[in-house]
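Trainee: Protein chains in written order, with the numbering used here: chain A, -4 to 320; chain B, 2 to 374; chain C, -12 to 282.
For the record, the hints were derived by calculation from the structure and aren't laboratory data.
Hints are supplied without guarantee of correctness; some may be wrong.
[Stated by the list, open to error] Using 25 Å as the maximum straight-line C-alpha spacing, the simulated SDA-like pairs for lysine to any residue come out as follows:
hint, chain 1, residue 1, chain 2, residue 2
1, B, Lys239, C, Gln41
2, C, Lys134, B, Lys239
3, C, Lys101, A, Leu46
4, B, Lys6, C, Val68
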Amino acid sequence: MDQRLVTAIIVVLGVPAVLIGYIWLTERLLNRIGQRARPRLRPWLWLAPALAFLVVFLVYPTIGSLIRSFQNAAGTKFVGLDNFAWFFTNDASLIALKNSLIWLVVLTALTVGLGLLVAILVDRVRYETVAKSVIFVPLAISMVAASVIWKFMYDYATPPDPQVGTLNAALGSAGIAPVAWIQISDFSFNSILLVIVMAWMWTGFCMVILSAALKGINPELLEAARVDGASERQLFRGITLPLLAPTLAVVITTMVITALKAFDIVYVMTSGHFDTQVVAFQLINELYNFSNPGRASAIGIVLLLAIVPVMALNIRRFRAQEAIR
Amino acid sequence: MAMVKPWETQTGATVKYTGTRDLNTVLTTGVASGVLPDLAGLPGPGQMNQWADSLVDLGPILDVATYKSETAAPLVDLGTVNGKLVGVFIKTSVKGLIWYDPKTVDLSSSPPATWDALQTAITQNKSKAASPWCLGVESGAASGWAGTDWIEDLVLRQAGPDVYNKWWQGKVKWTDPAIKTAFQTFGQVVAQAYGGATAVNATNFANAGDPLFKTPPGCLFLHQASFITGLGGFKTAKSGTDYNFFPFPDINAQFTGAIEGAGDLFGMFHDTPAARSLMAYLVTAPAQDIWVKLGGAISANKKATDYPDDISKRSADLLANAKVFVFDASDLMPTAMNAQFWTDIVTYVQHPDQLDALLADLDKTQKDAYAAP
Amino acid sequence: MTAATTQTAGPGRASRFVRRVPLHVVVIVLMVVWLIPTIGLLVNSLRPPEALTQSGWWTAIFSPSQFTLNNYAHVLAQSNVTAGFVNSLFISIPATVIPIMVAAFAAYAFAWMKFPGRDILFVAVVGLLVVPLQSTFIPILQLYGPKGLNIAGSFLTVWLAHTGYGLPFAIYLLRNFMGELPREVFESAAIDGASPVTAFFRLALPMTVPAIAALAIFQFLFVWNDLLVSLIFIGAQNPDNAPLTIVVSNLVSSLGGGWQYLAAAAFVTMALPLAVFLALQRYFVRGIVGGSVKG
Chain A
-4 MDQRLVTAII VVLGVPAVLI GYIWLTERLL NRIGQRARPR LRPWLWLAPA
46 LAFLVVFLVY PTIGSLIRSF QNAAGTKFVG LDNFAWFFTN DASLIALKNS
96 LIWLVVLTAL TVGLGLLVAI LVDRVRYETV AKSVIFVPLA ISMVAASVIW
146 KFMYDYATPP DPQVGTLNAA LGSAGIAPVA WIQISDFSFN SILLVIVMAW
196 MWTGFCMVIL SAALKGINPE LLEAARVDGA SERQLFRGIT LPLLAPTLAV
246 VITTMVITAL KAFDIVYVMT SGHFDTQVVA FQLINELYNF SNPGRASAIG
296 IVLLLAIVPV MALNIRRFRA QEAIR
Chain B
2 MAMVKPWETQ TGATVKYTGT RDLNTVLTTG VASGVLPDLA GLPGPGQMNQ
52 WADSLVDLGP ILDVATYKSE TAAPLVDLGT VNGKLVGVFI KTSVKGLIWY
102 DPKTVDLSSS PPATWDALQT AITQNKSKAA SPWCLGVESG AASGWAGTDW
152 IEDLVLRQAG PDVYNKWWQG KVKWTDPAIK TAFQTFGQVV AQAYGGATAV
202 NATNFANAGD PLFKTPPGCL FLHQASFITG LGGFKTAKSG TDYNFFPFPD
252 INAQFTGAIE GAGDLFGMFH DTPAARSLMA YLVTAPAQDI WVKLGGAISA
302 NKKATDYPDD ISKRSADLLA NAKVFVFDAS DLMPTAMNAQ FWTDIVTYVQ
352 HPDQLDALLA DLDKTQKDAY AAP
Chain C
-12 MTAATTQTAG PGRASRFVRR VPLHVVVIVL MVVWLIPTIG LLVNSLRPPE
38 ALTQSGWWTA IFSPSQFTLN NYAHVLAQSN VTAGFVNSLF ISIPATVIPI
88 MVAAFAAYAF AWMKFPGRDI LFVAVVGLLV VPLQSTFIPI LQLYGPKGLN
138 IAGSFLTVWL AHTGYGLPFA IYLLRNFMGE LPREVFESAA IDGASPVTAF
188 FRLALPMTVP AIAALAIFQF LFVWNDLLVS LIFIGAQNPD NAPLTIVVSN
238 LVSSLGGGWQ YLAAAAFVTM ALPLAVFLAL QRYFVRGIVG GSVKG
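The whole structure should be built from the sequences, with the hints applied where relevant.
Mentor: As structure tokens, then:
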């Protein structure tokens, strides 16, 4: 164990030292080059470590995915767009696509909306830390434990056996018969119940980030406006919201992508039964259970294409921001 | 882990064990990259076939002659791919046993030998329990497998081992009348199940038999494999007094004496002296006895006889002396087919009126899953 | 500047209180709703396993005699729990520190350095957020495995991997906060002859502390709770290095029995990330940026 402790300490102290040294060194090198070349080279030197990691761990596998998406399961020949055609004509995929869309919309709306609400409200109470910790705790619980908690919430026992699930027990005390919650697929009700589980966990995430951004707003701005007689709502719409907009964009984009990748909750609570299947789960099934990396890769590429609109919006926002700055 | 203790003491080596629900992920990435454990439990014969190239040939490692004499022939064959023995069964089970509480219905002296006799028994004893059948198919990602066991037993006895084998090989369609009849019979059972379709889908298979032991009894019979004795309400119940079983009755007199079994395969990925020694040890009768003594498990090794009670011994005997032995059909199908089968059971329980659509869907998957890559 | 908002005595104070009651009500209701599921699990972790399937957790409050610490004892008595805890620390701390540092430099470059293709490159980096981790396992494991670097089973594998996985979000978040910093600050620094390095360390970094704190919380949390990445890169090869998450999952992996251990284990493993959160909370303080706008 001693050996590993030494390695860990070397890494924790050494890597930052190496990085700082690297930057310092590159600056010295840049000083030797002409004035004009410096601002052209410097960004790439600063980006190099990050880009190296990204290329090895994310880009390289994705390129592999792209190639494999055009191949058959055994990887022995190219089948063109067959895998994509399979995905879009498969009944199960269409349900999964619908559900993933529901996840995208509902999860983002709930987590960002509630996260913002909580961040703003607790900003004004003295027990702010306690409140934020309470909302944050679910994120600290592992996915599996969270799924277990909510399994107990949604549990259904055959009457007349006593209800162990919180929701059904609540119904019981009101005299209503218990319901098998996660089996109800009408109006995608059970999918939404699953989204609620994830929203319970991730609202804390949005709250923390939005809270940090909120703290960054100069209080004098708000005071000056209050002195001028602005109402709280006007303050929010006119000052707070616009200043939060960039961070909101970050949070929304991140939640949209997280929603598309979500599958842990579905896996533990229903495993895709009762019409709760989602696209990310299909990907993993194809890849590891059905040994069809071709189809799995095709699904991955579909996800990649699905976020292009979100990315385009981000670019537009940056360009607009640059113009103001 | 208790099973490996004697080996550890004897050899001085240690076994490091990791259990995971993501076995498929670990082994698939492992086979592709070479990062593998020395020994591993294999998810099923299908995957074993796929990874045959990465698995070590156990022929030179085990005393094959002894292994073959101690193990039922079909199980040896299932572990062999292209003449290479790569998988051994560490645990087996007998499927399709009908469990009952002798205090509710005493059938130990004359168990029903035919399906009709079973139905008569049900009618005669209807008043003694809330429902004739206990059934629960929930099982996480594998939900539905308890229902597939039902269908397999029905196909085996309604249509015979020949159709059964052609079916899992993909040569008999799902829309074939033989398969459809099996589904419909299963549907009748669901209609007679404790708690109805909602409960069937919501109840975990391990606890599905608990109503057998309630007062008043919730059901008369439970269809389940031999390993149920180590789970749920069976764990605390007394073997023989609180529960007993009889094998699945014949339906078609032509196809009598067939037994369906299943088991857990083990394979070796790294040929090291320690791994060889451990593998050779695991298949011996003394090692298997450790498992078996705990109850709820049957050994593939005919010489492992340290069963804790009469019931386990009887089920082991059924396996060893089966006239016609077939392996769990769904385990033999390609994974994608198997997964669809499981899922469609869940859907069928909830929506029995959709049977034709479901079978047509299964046909589509069949075409896809069995196609040569 | 005298604040016009200091508390005024008399009727002003009373009406302020009344207006704040709804605020408190809403916050407290939210807190309660959020806590119920967690409390359910906490109560269940203190009950014997048979009780879990027979009666709901709220009933236990009325019959406190059934409470037991057995589940916790069992979890903590596992021979490899301390090792797992230590391993988790070994994995999580470097895997938090490295990505933050690497991302900070990159984020500054994206925020305050102009170069062609900057926006497209940035959006591409953010887009990498969507890559599912599972589809990267095989290529990376081939790199780590016997056919490649042969480091599978060591901590280095997950340090590097978590850095790679965590960078898109880290860069996204930090660039956002750094970009919000007032341009005047950097301009005046440039006029004063400060190099970008100085500007980064003396200005940008201190002013981005809330964002760095948030990032540290999340990265630490995700790595601490991660099961799959450690399982694939370390677990199969070298169980001695297995983190707490794998140790815990060993308790429950067979046939789903053992909810009670999972419940207890959840609280045991949750303790540290929660402590990290509380410790870093104080960096979410108003005025760090606000104070710099003057002049």
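Trainee: Each hint: holds or not?
Mentor: A quick look at each hint next to the structure:
Among the hinted pairs, Lys239 (chain B) with Gln41 (chain C) is consistent with the structure: their alpha-carbon atoms are about 20 Å apart, no more than 25 Å. About 54 Å separates the Cα atoms of Lys134 (chain C) and Lys239 (chain B), which puts this hinted pair outside 25 Å; it is violated. With a C-alpha separation of about 17 Å, the suggested pairing of Lys101 (chain C) with Leu46 (chain A) holds against the 25 Å cut-off. Taking the CA atoms of Lys6 (chain B) and Val68 (chain C), the gap is about 21 Å. The hint holds against a cut of 25 Å.
Hint check: a violation occurs at hint 2 only; the rest are consistent with the structure.
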